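K.L.:
Build the full structure now, drawing on both the sequences and the hints.
Residue numbers (the working numbering), protein chains in the order written: chain A, 1 to 193; chain B, 1 to 115.
To be clear, the hints were calculated from the coordinates, so they are not data collected in a lab.
From a predicted model like this one, the values you see are computed outputs, not experimental measurements.
Quick reminder that beta carbons are idealized off the backbone N, C-alpha and C, glycines included.
Among the clues, some could well be false.
[Stated by the list, open to error] Taking beta-carbon pairs under 7 Å as the criterion, some of the chain A residues facing chain B (in silico):
# : residue
1 : T6
2 : G20
3 : C23
4 : I30
5 : A31
6 : L71
7 : L168
The residues making up each chain are set out below.
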Amino acid sequence: MERTSTGVPNEKMLMWAFIGSECMLFGSLIATYLAYRGRSIVGPYEEELLNIPFITVTTFVLLMSSLMMVLALSAVQRGDTRGSKLFLFLTALLGVVFISGQVFEFSHFVHEGLGLGRNLFSGTFFLTTGFHGAHVTVGVIWLLTLWAMAMRGKLGPEKSLKVEVAGLYWHFVDVVWIVLFTIIYLMSGASGA
Amino acid sequence: MASEMAHGAEAGGLETAMTHGSPEEPHASSRTYIAIALVLGVLTALEVMVFYVEALAPVLVPILLVLSAAKFVLVVGFFMHLKYDTNILRGLFFGPLAIAVAIIVAMMALYGYFL
Chain A
1 MERTSTGVPN
11 EKMLMWAFIG
21 SECMLFGSLI
31 ATYLAYRGRS
41 IVGPYEEELL
51 NIPFITVTTF
61 VLLMSSLMMV
71 LALSAVQRGD
81 TRGSKLFLFL
91 TALLGVVFIS
101 GQVFEFSHFV
111 HEGLGLGRNL
121 FSGTFFLTTG
131 FHGAHVTVGV
141 IWLLTLWAMA
151 MRGKLGPEKS
161 LKVEVAGLYW
171 HFVDVVWIVL
181 FTIIYLMSGA
191 SGA
Chain B
1 MASEMAHGAE
11 AGGLETAMTH
21 GSPEEPHASS
31 RTYIAIALVL
41 GVLTALEVMV
51 FYVEALAPVL
61 VPILLVLSAA
71 KFVLVVGFFM
81 HLKYDTNILR
91 GLFFGPLAIA
101 VAIIVAMMAL
111 YGYFL
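P.N.:
In structure tokens form, the structure reads like this:
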């Protein structure tokens, strides 16, 4: 273990600082989405397009990917190579399923006439969820590199900090989706919104 | 694959993972993580259920905010281990989070949400 003045590894400290900055980024995107919600003057409107059952399934998939991630970290920390490979792969796989769902949703919206610049809803919706999707994509690539290391036997307990830092990023992406799912999808029909 | 998962989860449940590189405080066991994931699933199902109950429409927003906050706290506290980590890391997260919430509330106020 490296020695630092805070007792916290530098990589972990850096990731938390990054996550803090990401909080403000997504906070700004959510604020913009809320500011413009319900103010589109041309359709299609959000209540006509948002598919709650479908997005609930993809939300559940992302939540379960977070479970796979903590199990992967736990496996790496105890030197369980089979578990490390399996859970890292499952985390990435569930991330890919989530992204596929988002691609399907975006394609459906565009097919229904909701292009990026169509109205205020489309601009803020695609920007906010698109940014999140880009984060998930980066996370999947990161997880696959860790999985490749595990497959080559280069991800022992001494490398668990790498998995912990990647896990922090992955869980944060999940946390952001918890908020977006509630605000964008479930509150879409709320009065006064 | 399912049996492998169960095997891994069971093995993890028998021992306690340790924080890497930070003060050696124990994390939750794999069984706890699985229990938390189940709670997260139930909370998500509750959110969606509330969304479809018309009688709850007047209180939809506060209920959803509470359920969403509960999920948020569970993931950050247990999956991200912030419950077990140092105050420096908590400050690095909750400081910017407070700013983000302030930005959201300020924008909502500017756009007349609270009128």
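K.L.:
With chain B as the partner, please determine if A:I30 meets the hint condition of a C-beta pair closer than 7 Å.
P.N.:
Interface hint status for A:I30: holds (6 Å vs cutoff 7 Å).
K.L.:
Does the closest beta carbon of chain B sit nearer than 7 Å to the beta carbon of A:A31?
P.N.:
holds (4 Å)
K.L.:
Closer than 7 Å between Cβ atoms is the bar; does A:T6 clear it against chain B? Give me holds or violated.
P.N.:
Where the cut-off is 7 Å and the nearest Cβ of chain B is about 6 Å from A:T6, the hint holds.
K.L.:
Have a go at the A:L168 hint: is there a Cβ in chain B nearer than 7 Å to its own Cβ?
P.N.:
holds (6 Å)
K.L.:
When the nearest CB of chain B is found for A:C23, is that gap smaller than 7 Å?
P.N.:
Holds - the Cβ of A:C23 comes within 7 Å of chain B, reaching about 4 Å at its closest.
K.L.:
Mind checking the CB of A:L71 against every CB in chain B and telling me if the closest is under 7 Å?
P.N.:
holds (6 Å)
K.L.:
Report holds or violated for the interface hint on A:G20, using the least CB-CB distance to chain B and a cut-off of 7 Å.
P.N.:
holds (4 Å)
Taken one by one, the earlier hints all hold for this structure without exception.
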